[in-house]
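Those protein sequence lines, which keep their order, are chains A and B. Going by the working numbering, the first residue of the first sequence is number 1, and it counts up by one from there. Going by the working numbering, the first residue of the second sequence is number 10001, and it counts up by one from there.
No lab work stands behind these hints, which were simulated from the structure alone. Every residue gets a Cβ at the ideal spot worked out from N, C-alpha and C, and that includes glycine. Just so you know, not all the hints are guaranteed correct.
As the list claims (entries may be wrong) - To spell it out: a stretch of chain A is covered by chain B in this simulated footprint if at least three of its residues, at any positions, have a beta carbon under 8 Å from a beta carbon of chain B; those stretches are: (1) 113 to 124; (2) 134 to 141; (3) 592 to 599; (4) 679 to 693; (5) 900 to 907.
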Amino acid sequence: MSRRIQQGGRLIDRAQRESFAFNGRQMSGFAGDTLASALLANDQMMMGRSFKYHRPRGPVASGAEEPNALVGLSAGARFEPNQRTTTTEIYTGLTARSQNHWPSLDYDIGALNGFLSPFLPAGFYYKTFMHPRPLWKALFEPVIRHSAGLGKAPTEGDADRYEHFYFFADVMIVGGGIAGLQAALAAGRAGAKVLLIEQTAHWGGRAPVDGVMIGGKPADEWIAATLDTLNAMDNVTLRSRTMGAGVYDHGYALAYERCEDAVPQARGPRHRLWRVRAGQIITATGAIERPLSFPGNDVPGVMLASAVRDYLVNWAVAVGKRTVIVTNNDDAYRTAIALHDAGEAVPVIVDARPDAKGPLPERARALGIRIEQGCGLSGVKGGKRVTGAQICRQSGAGAVIEEVPCDAIAMSGGWSPVVHLWSHCGGKLTWDDAQAHFRPDPSRPPIGHDGAGFVIAAGSANGEMLAGACLQDGDAAGKAAIKALGLKAKGGAIAQAEAEGEHPMMPVWLMPADATPELKMKIFLDYQNDVKLSDVQLAAREGYESVEHTKRYTTLGMATDQGKLSNINGLAALSQALGADIPDVGTTTFRPPYTPISIGSIAGEARGPIFQPIRQTPMHAWHSENGADFEPVGQWRRPYCYLRDGETRADAVTREVRNTRQAVGLLDASTLGKLVVKGPDAGKLLDLVYTNMMSTLKPGNCRYGLMCNDNGFLIDDGVVARIDDQTFLCHTTTGGAERIHAHLEEWLQTEWWDMQAYVANLTEQYAQIAVVGPKARTVLEKLGGMDVGRDTLPFMGWAEGELAGIPARVYRISFSGELSFEVAVPASRGQEFWNKCLAAGAEFGIMPYGTEALHVLRAEKGFIMIGDETDGTVIPQDLGLNWAISKKKDDFIGKRAQQRSHMTDPNRWKLVGLETLDGTPLEDGAYAIAEGTNANGQRKTQGRVTSTYYSPTLDRGIAMGLVLNGPDRMGEVLEFTRTDRPPQHARIVDAVFYDKEGEKQNV
Amino acid sequence: MARRRYSVFALAREALRYHAGWERAWNSPAPKSRYDVIIIGAGGHGLATAYYLGKNFGITNVAVLEKGWLGGGNTGRNTTIIRSNYLQDPSAAIYEKARSLYETMSQDLNMNVMFSPRGVIMLAQTEHEVRGYQRTAHANSLQGVQTEFISPARVKQLVPIMNIDGPRYPVLGGLWQERGGTARHDAVAWGYARACSGMGMDIIQQCEVTGIRREGGKVTGVTTTRGDIGCSKLGIVVAGHSGVMAEKAGFRLPIESLALQALVSEPIKPCMDVVVMANTVHGYMSQSDKGEMVIGGGTDGFNNYTQRGSFHHIEETLRALVETFPVISRLKMLRQWGGIVDMTGDRSPIISKTPLGGCFVNCGWGTGGFKAIPGSGWAMAELIAKGEPGPLAAEFGLNRFAEGRFIDESVAAGVAH
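Construct the entire structure; sequences and hints are all you get.
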């Protein structure tokens, strides 16, 4: 059984009890416990079920690499699936539930899969479930989906919040073990701005667990003193519980701080995502122990030797009463010795090496621990918990020599440096034969903008496995970073670390070496995804020879631990199967994040109403208070209509249109883009970006202009007003302001950089209010202050002055066909002007109108709308706008494109009006059907509806559309599609439905 | 050459002997000195081209050359969405052909590619988008593509975890293609490779084409890291590096190469049965059979060839998706990656003859190539076999850029494929 022992536990505070619940059972632990250590202290070894065969799973590791012991934490709006118990700190009130089983952890129907496992090898689903075809969707896939997945999906939104944090560092050091601390010392002393982060709540890494002495004292003392030194440096920032998640181009890095996970009731964000820009990044991320590949290596109670040691030293938890050690290296002897020192039984150390003669084995021998050399395990007794280990010769086929009763097995297959962050941005690896692992190749680091490396690996992450070398390497990394930054390294002694030396390990990728096929089907490589050695061999046999193929075919390394434990063992199994060397087979790609990070933390603060900025005009509040039914238009909200009591949207639109035609309407047009173009070459620039001639426009006048892209397609339109000789004010569509501004800047900065013309976006500087309708002039005259008479301010003119005491620029333009003034006032006075218009217009029946009425009014007049009549494939000529295309200019953007054969084809779809025979509106987006089908069997078409509305003015449906040779086919009746109904008939008519002579707008 | 069939019976038989009897899914031969047709690129499109050359035209003296490992480009990096609810006729035709071929692909290839017709919704979140998708629905009705514009309530019914009343962009409806879905991307490449190998074709991995040999304006073969190989016809099907390969053939392509970002969450039990695409906020998501939420983002704002993940788009995408699916906030991102996509000026593909005689190109699928694989292969095989495009490929020629005859899909508000 696993249990708490009386002595020790460097990370727990025995004075502070914490009570928590696991699967509804109340348990208790100490402050400083992880959920895994606390569960083990309560003899809860089994913590979950595996993915595919639903096999019993206990923790195999003690940190971030844990693949098995995943639970669902908390409930409701704080429920989180797939949390590693090994990295979850406990607190009173924590609730956890095991996953992937039914009805219970102990008795799981899904475990039947295990009995079927001979029939379910890697990729079995590619070879079956094909017949009969309908059953895949109806039966096979649902069954597979339900048995796959791990934790349950949350069912509620997230009650917590998250934040992003921005940090600039000269040197970012990831990993607070002794190498990272020493690197921070070196960099900090030189005056660099240093950020040192550590993923756990504790500093120092493995050194204290391994009993390392630094400067003649226990490692913990050196760590405490070093932290004091670093904390005293203003230029050094330290953060624990903060993981280096990813390294990206140019020294950009992500760090993931878990602020509230340990203290959930505290205020503040749950996670904080650090977005770091670092000059140099030092990865002192340590190393991870590898499991050994022996039959039964997945039974709960089989653990990494380092994890057994961690639980004992850090949390005073003995994972078994009798622990068998199985290893191919000296390091695991530390676990045996630690257990022995704590009074725990170690019946035998099984060492695959023929002779174990290093200082550590010798010490173990001296302590009287039995050592079996040249041996391995060929089996593990027990199902839900280890009950015995079967010893065999490592060199044989697995004949059992002896069965040793035990309830825990500590295994060590050697260590692999954590090279993830080194590799994220292109750092390359080199194979270290002696230690049988990949380590960073210092000659091929990730390259920054200047062609030089910007990541340095340090300590055991760099393949330095002994404490003394780690300190030296950390110091060297710190100094190398300083040098790369052009700073001067300062002296400072490096403490000497003492630890026992180690004799060479012996790579063991298969235990026993000649294991039978039957045994190979019991050797697990990926514990979570249930990938076995036999699966990798099957993949190789079937030609999935690339490591990426093997990974994808078997799912090796695709579990939530992303292969931290399984990758190298799997790789070795693959290269053995292929008869190739491991470095020739290569690794799969390391991708961010290092361990999974919450999606909430990536989304950050921007949720709900602040998900994206909402842009508001100066009159926005008034609209809200007066019945506005808003629609999103880009990042703006614009009133679609203003609802009055009892009105439907359609009622409101009808009322607004009629009132504007008959009396006077008020439109908030502030969202229209307002770009000022200024400079001696302003006219020249505009002549190139508009199809029209703008340089000839006289100050005081306005001109409607069209803009095309370099493919000739119409992208925006609007009224240009010439303010003075060198200044133009260009109106764009609401959605176009930023896009067109960028368009102009791109041309100015990349092509016409010699032009003296400058563009500024003044959209938000002005409130723009359209006063529209037969009574519009009367309203403005009542406001008083400037002459808005027909002669002083003619159609397509503008004037500057004052209205109602407010400075105003008045444009005599119309997008409705009515007498209309668009008045721009300073944004700060927009509401005031709006109010004054309402007051002055009250006696004439003034009413605000929204975007839908705006659309109807313009459609009745046959005015085009960018985004309705255009869709990125329409040229001005299609819309009958040839009059707005200057023939005098040598060039404008789109001119050449419009000369291409398809653009000049006489048989194009062109703009017309459409009138249904029955008077009801056509459907949005309906197509005009033509005779027959094309070569692909599709029904031919001859046009489509671009805008369709009910016209209150004409009391019938009106539409605009693009029709093949439309203008030449006036009066023809076409068939238009309708949803789930027979086609609708409409007649081709002139697109101007109202006031064809334009008398009303020019009064 | 014929492969042993995959079936539940074969599986049971092998179970009795530790699966020792399975043969290679595809052969790995050394290149011959000459083939009738060489396809450069053993991704989905290249392999499908080879497959239909054999199946539809009986041309089996074919080699598919691959620089790395087959299916290792965008075929193995995409978010596996299959749909054909395109607006323009040529697009709808080829994507619908592809979708219909996906329906029977498992049976055709005798490999379960797990085509899952679970349905695809494209959300409308502005009035403009509503009109755009209504237009697409009308177009689809004439193109023989089954789609419908559905109400917010129906969207909610199909995707209960969706927040349709978000404060920022409430869901106003959606374009629903019930017969769209997903498939297992790797299996598509493997299945085609196995079938090609079964027809006697050579799939040659780790064989980089370093040059294209020409004589008198016609292609005569390729030079590779495994020697010179002759051919009468050459198909270039190398998404992500099309411009590079075209340069070797002596012509230029109107293509930009950009990194497209994607990610997956940790696996959870089924919580979303359909594929959802939200173009206004820019994110799309589905749940794989393994349980991961598979999430697609946008392309990086600069041209490059590194298949790395970058962070800025991921942030934007997840922000949008947390807004749309609040329950995913407490899930965790497991892995992110990038793939290099070819972008043409109109975001539609190129299946075309080239200035070099006997050399044909298939590229420019942008962010939406996976769904097209079988249709693309079908059309490309016809082009190579006949030397002239059939109806599926006819509109996708290179000449359309010179003529201004674009096939622009972004018009339907659908920026993402």
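Going down the list of hints, with the structure as the test:
no., hint, result
1, 113 to 124, "holds (count 4)"
2, 134 to 141, "holds (count 3)"
3, 592 to 599, "holds (count 6)"
4, 679 to 693, "violated (count 0)"
5, 900 to 907, "holds (count 4)"
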